[in-house]
Every structure is written in structure tokens, then in C-alpha cells.
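> Chains as they are written, first to last, in UniProt numbering: chain L, 1 to 317; chain P, 1 to 261.
These are computed hints drawn from the structure, not numbers from a lab.
A few of these clues could be false.
[Said to hold, decoys possible] Straight-line distance between alpha carbons at most 25 angstroms, and here's what the computed PhoX-like set of lysine-lysine pairs gives:
1) L:K52 with L:K160
2) L:K254 with P:K257
3) L:K160 with L:K14
4) L:K254 with L:K277
5) L:K277 with P:K257
6) P:K2 with P:K203
[Said to hold, decoys possible] Here are the in silico distance ranges between beta carbons for each label pair:
7) L:E213 with P:I19: 29 to 35 angstroms
8) P:A223 with L:E218: 48 to 54 angstroms
9) L:E213 with P:D91: 32 to 38 angstroms
10) P:G258 with L:F306: 23 to 29 angstroms
[Unchecked claim] Pulled a few chain P residues facing chain L out of the computed Cβ check, cut under 8 angstroms:
11) V13
12) G98
13) D124
14) A144
15) E163
16) T184
17) D219
18) A223
19) T225
20) T237
21) A247
22) V259
23) A260
Here a beta-carbon is modelled for each residue, glycine too, at the ideal position from N, C-alpha and C.
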Amino acid sequence: MTDVLAIADHRRGKLRDVSYEIATAGRGLADDLGGDLHLVVISGTVDDFAAKLDRDGVDVVHTVSDGEEYNHDIYIQAIEQLTADIDPQYVLVPNSVNGLDYAPALAGRLERPIVTDTIGLESDGETLVATREMYGGKVETTVELEGPAVVTIRGAEWPKAEGTGDAEIRSFDVEIDDAALGSTVNGFEEVAGGDVDIADADVLVSVGRGIDEEENLEIIHDLADALDATVSSSRPIVDNGWLPKNRQVGQSGKVVTPDVYIAIGISGAVQHVAGMKGSETIVAINTDPNAPIMDIADYAIHDDLFDVVPALTEQFQ
Amino acid sequence: MKILVTVSEVATVEDAFEIDGTTIADQYLGADLNEWDDYAVEEAVQLQEADLADEVVTVTIGPEDADQTIRQALAKGADRALRVWDDDLADVGLLDPGTKADLLAAVVDDEQPDLVLSGVQTGDDSFGATGVALADRVGYQWAAVVNHLEHEFADDTASVRRELEGGVEELTDVDLPAVLTIQTGINEPRYASLRGIRQAQRKPLEVQTLDDLGIEGVDSALALTEMYEPESETDVTVWEGGADDTAGDLASLLREKGVAQ
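My request is simple: use the sequences and hints to build the entire structure.
Right, dumping it as C-alpha cells:
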């Protein structure tokens, strides 16, 4: 058991970036083990996907043509059967919303342990050493597990595999037990539409949990007006209904890359950082000097936003 | 319909803290009801208020200290609580999702709920895997990262929306019985009323040992071997001084960048 099997992620006809990143993570582990890297792409236009996934370092791309869109029961049955066939030491799954929907059940079927949301991986063949965060990114940890495992990897932690490889593309026939399909996808809906597109803004004044109360948002709007900037936010503000969904920056909201991103009272949970770390200049205003946002900020003020924000607004009036 | 809600007490960490070996030093740690589970409890209580659920039971893996958190869930409207604990569990360092799912599966076998609601993840170890692992062990259907649940269960199915990345939601029907992992924002969790807090003290909270659940010993698949503060990815410039000074520094930077010119 020296091979690695990595599962591609796609949605509505498009491969997601993590599919190329998981090829890099998988190649690294396969090198540790001295084995092959297998990718598998399940459902949809698999031949087209397989051609795109044939990048440097990929040995085999398996295609499973059953199903159109993601269905966890089809994924699990396909991966279970493929795992029985190629016997990989590690099964790598993207730590995406869909990855987290099937990987834990897959681990159960394979009778393997699972470790999720990893940001670094190494193996000596028997012991897997995985790096992952705890406490909302305040600390990093290493955890070890023995033997074959299912592992999910965080997006945007590994570079994308590049180039054109010479992978063998194999169509894999699975027997799908239709009686085991217990859920039906009826459609998709875009929920972050509306009049404002925060992805177009040059300057974002972005507010998080530190604002405490809805009425305090006024100082944020005042600052945005003074700077001729657009207001965006982290998730809790939208969860509370204080700003509409189209203002949310992050994994489940929008990815933004403004010239200047001013993070006010935002701790910098990984889901938020995923949506804004490409900003040209990041300024963080937060009382907590250890907040994860400080790890990606270019400029920081470790002070109370209720003092700093009005003072800043005044500078532009 | 009977609903089981998994409720975790999570460790919270103060802004400034120190690491002691592979844990955060005790004096910097607090405890709270896991944020995601708060939404799961609220969803269950709303289903009960809508006469769609007859009973809401919570289950927690944790020591006696967790009772204060469990009482919070009871004060918000859950009917009774189960707490799984055993001295054997205290000796296991980091409980992996599979081990947690094994313990919860034994409770599901006893309770036979129609619906299990579980937070998407916990705020401390953030595995985000226990709910789906549990579904597989008990042979239930499931959906992960649910941010809307229709309060109507036609043909023994639950109609949900799953929150995918990038502002897209997936509309899915799931056969019951099922486990749904609940995302924040699905509802507005209530604050417990004084009356609720008083009533919670009288609601049943039953402790179950591994023996009670028919489980012989536990062993985590994961060993926590190191903990450290992450290195900063950028060379951050920290502006010091009073708010007027730091606001002035930031204003200069913004003018340099051509903002508001």
C-alpha cells in the first residue's frame, strides 16, 4: 500500500481549484511513500475533467461516469469500489462543503480513521503526520495517525499542479446500488446577488463580530462614506441579518481582491481569510494582537475599533 | 417526531494565552456552548413549537463540568439531556471524529430519533466530521452544512438547503431518519428566559457510561503531538499610540494609495 488516491471536486460543469491543489498534496504524499498518485473524478462530464486533471505528477486519472451532479451515495460507492481495486494507503478528499458531506461516511465504510482540514502532510509509510489548526486558527497542531486513513485537505494551502502530464486515463465501472441513494438534489440557487458587487470595489471597509451591536454599524457606514468605499463584512454580521448576503466576504460569500481591505473587528477565521487574502493591502483593526487576521495583515492597529474608526473618519471630513 | 441534538461544550481561549506542552495553559481557557450547536438546538426547539416534534433530547460527550452548558440547552427549550462520560474517556487525549461517532451511535440506537441535528463543527478542534460519521454508523441518511430546513416533512423526507461555497445553495431532499449538520445563520438562537433557566434545573440530565452504552473501551485514532503559535505570513507593520495617532498613520497610508482623493 504505497499509493495515494485523491478525489476531484467539481460543480455545475466546472472543476474547482482544490482539484488541482489536491493533486499537489497527493503527489507529495505519494513521493513520501514511493508510490503512484491516482486521481478520480466522479459524475458529470468526466472525460473533459480527466483531460484537465492530467497534470504533472499525476499517474492515473480514473473516471466514473455515473450521475450528473454531486450525490454523496454515488461518490461513496464509487470510491469504496475503487479503493478495493487499487488499495491506496491514503484517500485524500477536499475539505470543501461536499468533501465534508461524504468523507466522514466514506471513512466509516472503509473502516479507516479520518483527519480533516489538514494544511500540511507527511508520511513515513506507516505514520501520517498532519498539520492542522485549532481554536479558530489561534494555534497550529500536529496530529499523528497510524496506517491507512482518509484525509481532507484545506483549499488554497497547496499550489495547483501545473503543466500537462502523461497520466493514464482509465474508465472505472462501478455498480451503483440505487436503493442506497437516500437524497435527491433538486437544484441550485445563487443567493448573493443584488445591486452591490463587493468584488468590484477598490476599497472595502469590512466589519466583523467586534462591532457588537447592529446600531454600531453606523460608524462603519460613516467611514465608508468618508473614504468613498464599499461596506463588506464577515459571516456573523450576515448571520445576524445586519447586512445582506451579498456583502459577505469569505468561502460561502464572495472572494474579493480590492486595492485596500480594512478589516475592522474581524478575527480572521479561515473561511473569511479564504475570501480576502488576495487583497493588495490588508489593514486590521482589532484589540486582539493574536487574532489570526494579524497573520495576513500588512498593517495593524491593536486598539478598540470604537476609538479608531471615528478618529479615522474625522481625518477625511 | 423525536429529535436528538448533539451539544458540545467547547474550550474557548483568551486573546493572550500560553501553550503548555500540547495544550493551552489552563488559566487561559474557558468553556461555552458550541456556537453551531446553539443553532441546532434552536432549530429543534422551533420544530417542537411548530408541533412537528414531540420531544427534543440533547446528547453531550463530556465530564461533569459540561453540565452548565447542557443546562443552557435545556433552558432554551430542550426536554431532557444525556451526557456520555467515563473515566476511560478522560484518559484519551484528542477524541477523533470516529470515536465520537461511535459513542453517539450507541445513544442513537437507544433513543431511535427521527432526526438528529448536529452543529457543522465545533469551535475548538473543528473536525466538522462527527455528524456525517454518525449517520453512516447508524444507517441514517444525512446532509452536511444545512442553512435552511423546511418545517414540513412530506413523504418522510426533509427538504433542506446546503450552503455551498461562493454564495450558492443546493436544494436537496433527504430521506428520514437523517442527520443534518447545522450551519450558523439558519435561525436566530434565542436567549434563555429566566423561566427557562429555572425550569432547566428540574429537567432530567442522565449520565451514561461506556458500560451503559455497551461499548468496550475507547481509543482515539489521533495523537496530538505538537501545538504552537502559527508564524505570521506577512511582515506586519503595527502602528502604536493613541487612536488619533494610529488613525493618522492609517489616513496617511490611505492617501498614499489614492483613497478618497
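> It remains to establish, for every hint, whether it holds in the given structure.
Checked hints:
1. L:K52 with L:K160: 12 angstroms, holds
2. L:K254 with P:K257: Between K254 of chain L and K257 of chain P the Cα gap is close to 24 angstroms, so the pair holds against 25 angstroms.
3. L:K160 with L:K14: Within the cut-off at roughly 16 angstroms; holds.
4. L:K254 with L:K277: Given pair K254 of chain L, K277 of chain L holds - Cα atoms ~12 angstroms apart, limit 25 angstroms.
5. L:K277 with P:K257: Roughly 18 angstroms separates the two Cα atoms, so the pair holds.
6. P:K2 with P:K203: The hint holds at about 17 angstroms.
7. L:E213 with P:I19: 29 to 35 angstroms: 33 angstroms, holds
8. P:A223 with L:E218: 48 to 54 angstroms: 50 angstroms Cβ-Cβ, so the 48 to 54 angstroms window holds.
9. L:E213 with P:D91: 32 to 38 angstroms: 44 angstroms, violated
10. P:G258 with L:F306: 23 to 29 angstroms: Between G258 of chain P and F306 of chain L, where Cβ atoms are some 28 angstroms apart, the hint holds.
11. V13: 5 angstroms, holds
12. G98: Status holds, d = 6 angstroms.
13. D124: OK, holds: D124 of chain P within 8 angstroms of chain L, min 6 angstroms.
14. A144: 4 angstroms, holds
15. E163: 5 angstroms, holds
16. T184: Since the shortest Cβ distance to chain L is 5 angstroms, the answer is holds.
17. D219: 10 angstroms, violated
18. A223: 5 angstroms, holds
19. T225: Cβ of T225 of chain P sits 5 angstroms from chain L, so the hint holds.
20. T237: 5 angstroms, holds
21. A247: 4 angstroms, holds
22. V259: 5 angstroms, holds
23. A260: Holds, about 5 angstroms.
Hint compliance for this structure: hints 9, 17 are not met, and every other hint is.
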